[in-house]
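Asks: Here are the chains, one letter per residue:
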Amino acid sequence: MFPDQFLFAVEVMLNGLMAGVLYALVALGFVLIFKASGIFNYAQGVMALFGALTLVGIMDGQVPFAHLINAIFGTNVHHFGWHVPAFLSILLVMVVMVGLAWCVQHFIFRHLVGQEPIILFMATIGLAYFMEGFGDLMWNSEIKKLDIGIPQGGSMWIEEATAFLGGSNFYGFFIDKLEIVASVVAIILVIMLVAFAQYTKQGRAMRAVADDHQAALSVGISLSFIWVLVWSVAGFVALVAGIMWGAKSGVQFSLSLIALKALPVLMLGGFTSIPGAIVGGLIVGVGEKLFEFLIGAPFLGGATENWFAYMLALLFLVFRPQGLFGEKIIERV
Amino acid sequence: MFDQSESFVTEDGRTIGGVMMEMKNITLRFGGVVAIKDISFDVREGEIRAIIGPNGAGKSSMLNVISGFYHPQDGEVWYKGGKRPPMKPFEVARQGIARTFQNIALFEGMTVLDNVMTGRLNHMKAGILSQAFWYGKAQREETENREIVERVIDFLEIQNIRKTPVGRLPYGLKKRVELARALAADPKLLLLDEPMAGMNVEEKEDMSRFILDVNDEFGTTIVLIEHDMSVVMDISDRVVVMDYGKKIGDGTPKDVRSNQAVIDAYLGVAHD
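Protein sequences, first through last, are from chains A and B.
For the first sequence, the working numbering gives the first residue as 1, with consecutive numbering after it.
For the second sequence, the working numbering gives the first residue as 1, with consecutive numbering after it.
Just so you know, the hints here were simulated from the structure itself, not pulled from any lab data.
Watch out, some of these pointers could steer you wrong.
Claimed, not checked - Label pairs and their in silico Cβ distance ranges: (1) B:LYS88 with A:HIS79: 53 to 59 Å; (2) A:GLY99 with B:LYS83: 32 to 38 Å; (3) B:GLY56 with A:GLN198: 24 to 30 Å; (4) B:PHE30 with A:PRO275: 41 to 47 Å; (5) A:HIS106 with B:LYS137: 28 to 34 Å; (6) A:PHE225 with B:THR27: 53 to 59 Å; (7) A:PRO275 with B:PRO170: 24 to 30 Å; (8) A:ILE295 with B:PRO165: 37 to 43 Å; (9) A:LEU91 with B:GLU76: 30 to 36 Å; (10) B:ASN160 with A:PRO275: 55 to 61 Å; (11) B:ASP186 with A:ILE118: 40 to 46 Å.
Cβ coordinates follow ideal geometry from the N, Cα and C atoms, glycine included.
Start from the sequences and build out the full structure, keeping to the hints where you can.
Replies: Encoded structure:
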């Protein structure tokens with residue numbers, strides 16, 4: 001038998017891990033694009049929102065741009081009246097995300113090759129606001145429920161299986177099934193990404209482009225193809241993150257703000273490291289929950305989760321600016 | 001396609017074929033600066049062709065024109081009997097033209113083996129699904145390409161650093177890895193931009209030997225840039241000499257060495 005306080009702390013930690021997995025998922029999207037093209041993609045969160053919106057739209061058979069069509073033609077269309085199965089819808093959204101990647105490369109970044117990082121960053125801010133408005137126009141701005149059949153609510157099985165650990169006040173660990181599913185999906189996604197990068201021709205080309213553009217060109221790699229590929233993969237990761245967050249708290253504008261939570265994760269993990277994004281996400285997830293439980297709620301009046309991650313990031317910036325896994329910046333003189 | 005009647009056998013028994021690449025009246029300007037002024041020369045199949053000249057003569061620019069990194073304002077590039085349209089560097093690479101860089105462009109974060117493997121990228125045709133499930137074509141391809149890469153690695157004697165990240169290697173070895181990556185692509189035409197720059201005498205000798213062996217064993221046509229005259233004269237079949245963006249000499253090492261304009265460019269002339 002363990003003391004209850006300890007068990008509660010463990011439960012908090014487990015929940016933190018699960019939340020951390022979702023942070024990691026968003027951070028991953030950032031890292032992918034940043035590594036391959038040096039672009040810090042501010043629009044990553046909006047991409048998650050856009051992916052989730054499109055998914056709901058397709059599943060519910062919403063007419064895209066319904067408001068616009070009605071305003072121009074005086075019609076009153078809103079739904080096609082059909083429902084598309086979740087799996088098929090996800091495939092369709094993936095096609096949309098690849099199309100988006102192509103447009104982003106073709107209409108924006110192809111014209112900005114060789115520009116300063118700050119200009120590329122500003123371009124992604126523009127992209128973020130454009131996509132936000134475009135998403136609203138396409139699928140309207142109501143809060144939508146995303147239900148693709150992921151189980152939700154506490155897992156009774158885990159509660160019952162762990163109830164014996166504590167005394168009579170302890171009823172077992174409460175863990176949301178959705179978060180278990182999200183973790184499993186995230187783990188599979190990461191394994192897939194690593195396998196893709198390590199063992200496929202396109203993955204090797206992607207790593208090559210991330211390392212040195214000139215050398216990549218000289219072995220016959222098309223940079224614009226790789227950039228479309230990277231944006232597609234990042235779009236896919238964003239979609240997965242969007243689905244998980246959307247299923248948890250509804251598809252709405254605030255979903256795009258998870259990108260802000262990914263920032264401290266990146267500062268911890270390093271902007272160029274995939275393992276860094278994962279470990280960083282887990283540290284932030286566990287850290288903020290444990291801090292709230294142990295120090296925040298009893299001594300600081302709570303609500304520390306809002307700022308804990310940023311404080312941690314600030315400490316890292318002071319003592320280890322390249323993050324846990326980032327490449328150390330050494331200037332040779 | 002080539003004029004085979006022109007082919008001949010050199011003193012050391014190598015066959016030099018017809019014209020493979022021809023540069024016709026190339027002019028390249030950067031703003032008001034003329035880097036290359038109306039230069040023409042050809043490259044024959046199987047030969048080692050050197051471009052020499054003092055610093056700033058436009059040698060690297062010429063190599064960049066061939067490999068598609070620069071596009072000349074005037075002039076034509078003919079390759080394998082046809083006029084080449086303006087191409088991006090990766091398209092040129094896919095035509096079987098590999099290159100190395102003066103300031104080494106390697107994938108520093110990847111191992112030597114991975115670096116050399118990237119040279120094979122254009123020879124891999126298996127689709128993404130086939131690769132994902134690692135069946136049939138993908139598996140066969142990976143094994144085949146791996147064998148070729150291992151042969152190149154053996155050839156250049158870098159077996160012992162196969163798994164070392166390139167970033168940790170000393171300069172001389174990096175140059176060799178870069179050559180290995182270019183060779184792995186099995187190029188028809190190999191462009192070497194100062195392969196011996198910054199090397200000591202021993203390393204230079206090694207590199208010269210490798211270049212000769214590549215040409216001899218695989219019959220690869222090589223265009224190389226160097227400003228160390230003695231090395232170039234030893235290993236090349238024909239030499240183009242450039243100075244201030246102009247061609248001042250073209251011919252066998254012996255011809256070039258006795259060319260007054262070349263001597264002036266290298267030793268300087270008295271202006272009176």
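Asks: Is the gap between the beta carbons of PRO275 (chain A) and PRO170 (chain B) within 24 to 30 Å?
Replies: With a Cβ separation near 29 Å, PRO275 (chain A) and PRO170 (chain B) satisfy 24 to 30 Å, so the hint holds.
Asks: Taking the beta carbons of ASP186 (chain B) and ILE118 (chain A), is their distance inside 40 to 46 Å?
Replies: Given a distance of about 42 Å, which is inside 40 to 46 Å, the answer is holds.
Asks: Should the hint that GLY99 (chain A) and LYS83 (chain B) are 32 to 38 Å apart at their CB atoms be regarded as holding?
Replies: 36 Å, holds
Asks: Look at the Cβ atoms of ASN160 (chain B) and PRO275 (chain A) and judge whether their distance stays inside 55 to 61 Å.
Replies: 28 Å, violated
Asks: Lying within 24 to 30 Å: is that true of the beta-carbon distance GLY56 (chain B) to GLN198 (chain A)?
Replies: With a Cβ separation near 43 Å, GLY56 (chain B) and GLN198 (chain A) fall outside 24 to 30 Å, so the hint is violated.
Asks: PHE30 (chain B) and PRO275 (chain A), beta-carbon distance inside 41 to 47 Å?
Replies: Holds: the Cβ-Cβ distance is about 43 Å, inside 41 to 47 Å.
Asks: Lying within 53 to 59 Å: is that true of the beta-carbon distance LYS88 (chain B) to HIS79 (chain A)?
Replies: Since the Cβ atoms of LYS88 (chain B) and HIS79 (chain A) sit about 46 Å apart, the hinted range of 53 to 59 Å is violated.
Asks: Would you say the C-beta atoms of ILE295 (chain A) and PRO165 (chain B) sit inside 37 to 43 Å of each other?
Replies: Distance hint for ILE295 (chain A), PRO165 (chain B) holds at roughly 42 Å.
Asks: Hint says 30 to 36 Å; check whether the CB-CB distance for LEU91 (chain A) and GLU76 (chain B) agrees.
Replies: With Cβ atoms ~48 Å apart, the hint is violated.
Asks: A range of 53 to 59 Å was offered for this pair. Does it hold for the Cβ distance of PHE225 (chain A) and THR27 (chain B)?
Replies: Violated - the Cβ-Cβ distance for PHE225 (chain A) and THR27 (chain B), about 31 Å, lies outside 53 to 59 Å.
Asks: Would you say the C-beta atoms of HIS106 (chain A) and LYS137 (chain B) sit inside 28 to 34 Å of each other?
Replies: For HIS106 (chain A) and LYS137 (chain B) the Cβ distance comes to about 31 Å; the hint holds.
Checked against the numbered hints above, the structure violates hints 1, 3, 6, 9, 10; every other hint is satisfied.
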